[in-house]
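Line order of the protein sequences matches chains A and B.
Oh and the first sequence: position 65 is 65 in our numbering, straight run, nothing missing.
Oh and the second sequence: position 170 is 170 in our numbering, straight run, nothing missing.
None of these hints come from the bench; they were simulated from the model.
Computed from a predicted structure; not experimentally measured.
It is possible that some hints are incorrect.
To be verified - Below, simulated DMTMM-like cross-link-like pairs (lysine to aspartate or glutamate); rule was C-alpha separation at most 25 Å, straight line:
1. B:K158 - A:E54
2. B:K158 - A:D107
3. B:K83 - A:D86
Said to hold, decoys possible - Chain B is faced by these chain A residues, among others (derived, beta-carbon under 7 Å):
4. R43
5. A90
6. V95
7. L97
8. T113
9. G114
10. E118
Backbone N, C-alpha and C define an ideal beta-carbon position, used for all residues, glycine too.
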Amino acid sequence: MRCAAERMETQTERPARIRFKGVGMSTSNGNIMAPQPSGPPHRVRMTLFVAGEERNSQAARTNLARICESHLSGRADVEIVDVLQDHRKALEWRVLLTPALLIFNADRPTRVTGTLQEAERVLSAINRDYAGSAA
Amino acid sequence: MQLPRVATGNPGLDEVLFGGLPKGRTTLFSGGPGCGKSILGLEFLVRGALAGHPGILVPFEEHIDAVRANALTLGWDLAALEKQNLIMLVDAHVDHEMVLSGNFDLHGLLGIIDGAARFLKAERLVLDAIDVLLRYFNDAAREREQFFFLNDWLLNRKLTTVLTVKRSDFGNGSGRYEFLDYLADCVVHLDQRVNQQVTTRRLRVVKYRGSNYGRNEYPYVTAPGGITVIPISGAELRHKPLGNPFTSGQPQLDEMLGGGYPQNSCILIAGASGTGKTTLVSLFARTACERGERVLFVGFEESAEALTGAMLSSGTDLRPALKAGTLRPLTSMPEAMGIEEHLVRVAKAIEEFGPHHVVLDAMSAVRRMGSDRAAFDFMVRLVGLCREHGITLLFTNQTKGNEQMGEIAGEETSSLVDTILSLRYIEVGSETNRTIGVVKSRGMSHSNQLREFRITDNGVELAEVYSGEGGVLTGAARQEQEARDAAERRRTTAVVEAKRSEIQRRKAELEAETARLSAAVEQAEIELTQLEIERNKLREDQDTRYAMRGGKNGDADGATREDSL
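Here chain A stands alone, though its shape is the one from the complex (with noise of 0.2 Å):
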């Protein structure tokens, strides 16, 4: 169950930088607040999962970038996964509802399902993730 952990596990030791697979990803263009000290100080292994093009899709791309960019400054690794190329990735991790954020490090990845519209739920989830690593 937990096979995506390995793939990451090269990145582990990169400068920080995101990195995002499959799928491009437009950098956000509305928020330029100065970035915020509530990342957790380690990095961050995500994958996210998209259908295509679809429209909620997108939309999670597009705020999962804003969110590395401005919390999480080079302290992400984000794999994107597409679950109409990719079926078998979605049925391991058991994604039925996209998109979704998978967070690892801890000892169960935590979900977030939705287009991430909310920034302080999704670094919530993130620093809870953290925080359970550290216990």
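We have chain A already, so just place chain B on it with the hints.
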């Protein structure tokens, strides 16, 4: 034009659905918790898989390990089918701790189903507890929109799909998932209800777009091997005609019945408690078993041991038949389960054992399965089952007293049976005796007379009853009457004898008189002869004297002499 159908592989359900589920369409199984909708969905996949049609199961509520374990208890080895790529279980158990942020949709699920369907070349899909997934949309409009979307996608994909949904709000129109009924092409409601403390289960096809289907409520049960639906439709057409009669085990009763109980007929023996109903059916069972025929004894009143013991006292020994295996008891408490489970037990036993005859004791106990209606349902289906298999069915019904015809059989049941025997008590003087009569016997010439029915240590005896001016008499009264009759007979005989001897006596007198008279006549004749001799002698003397006087005036003298004599 009828839609093409996909057989579910469940014989009863397929019969109710007139062949199966609509091919490439969506069918909804809905019902309350524990009604068996998931099992029915699973059965659709398993039976399909066993017939070589791959399918996908997506359980939203249960873990797939639990699904596998549950399936095993029903006798289905999912792991083996998974290995052969005939079934795929999609772990769709929703992560309850997930955080929701913004809008989302079902594309993940569709991507998974699409990929799995391609891999398996699947034709069948079951989405178990779709309501669990839809609930995450937490808004009626969004739920509806997502379901529309899902349904469209499934139709395009041409998968024959079963959705199960939890609900218990049939008919009142207020259900959250009522809209599913409108969208699906075929809707089956499963209903589990408790009627007088007995759980009964009913299945009903609510709609089947563009197609006909069985419109009644059908009882069903969950048991190893899956759900058994008990359809009633069309059963009449497969009924076999009545065959030759089998002996009842009592020659005089056979005579009353016009030969016995006809093969493939349904015989009801009704009577109050203790009138000898069980004795009669046991007698039949023993006799049939002695001929080597198989008898299934469905008992709701007592255990097989208790029955065997009780029957011994009336000279009916069922033990050899039990030992030989020709008599199979199937006993249970009526309250133990709903009618559908009782029915399925009997149906399975009939299938396995292949009996020539079924004996059921007693229909009155069947009422304890829930209601009169339940008892009727049970009997209708049992009678149908027996007729289909060419089985003679004998059943007893306990009436409360000497009741009217309608009550003997239960209003509706009487039309089902071919023969009704009525056992009654008759109180005469200070004792109670039993009578037996044939109330009805379809297609047989039977006696319309009552007989006295006696249960002795040596078995059952039937006696001619006294039927005279005083009506039917039994027991001591009958014996008294018989004594009176005998006395009368004796008296009559004596009178005849007396008359006969009188005649003889008179004949003798007549003969004696005749003898006496003829003797007198003889005597007179003798005397006459004597007198004639004397007269002749006298005449000779006169003639001699006349001749001596010269023979004058001989003629005149002679005439005068003649006159003077």
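How the hints compare with the structure:
1. Simply put, K158 of chain B and E54 of chain A have alpha-carbon atoms about 22 Å apart, close enough for the 25 Å limit, and the pair holds.
2. With a C-alpha separation of about 40 Å, the suggested pair K158 of chain B and D107 of chain A falls outside the 25 Å cut-off, and the hint is violated.
3. Distance hint between K83 of chain B and D86 of chain A is fulfilled; the C-alpha atoms sit about 22 Å from each other, no more than 25 Å.
4. Interface hint status for R43 of chain A: violated, as the beta-carbon distance to the closest one in chain B is roughly 21 Å, over 7 Å.
5. Against a cut-off of 7 Å between C-beta atoms, the interface hint on A90 of chain A holds, since the closest Cβ of chain B lies about 5 Å away.
6. For V95 of chain A, the suggested interface contact is upheld, since its CB lies about 4 Å from the closest CB of chain B, less than 7 Å.
7. Interface hint at L97 of chain A: satisfied, since its Cβ lies 5 Å from the closest Cβ of chain B, which is below the 7 Å cut-off.
8. Below 7 Å, beta-carbon pairs count as interface contacts, and T113 of chain A has one with chain B at about 5 Å; its hint therefore holds.
9. Hint status for G114 of chain A relative to chain B: holds, with the closest Cβ pair at about 4 Å, below 7 Å.
10. Evaluation of the E118 of chain A hint against chain B yields a held restraint, the C-beta minimum of about 5 Å falling below 7 Å.
In summary, the numbered hints that this structure violates are 2 and 4.
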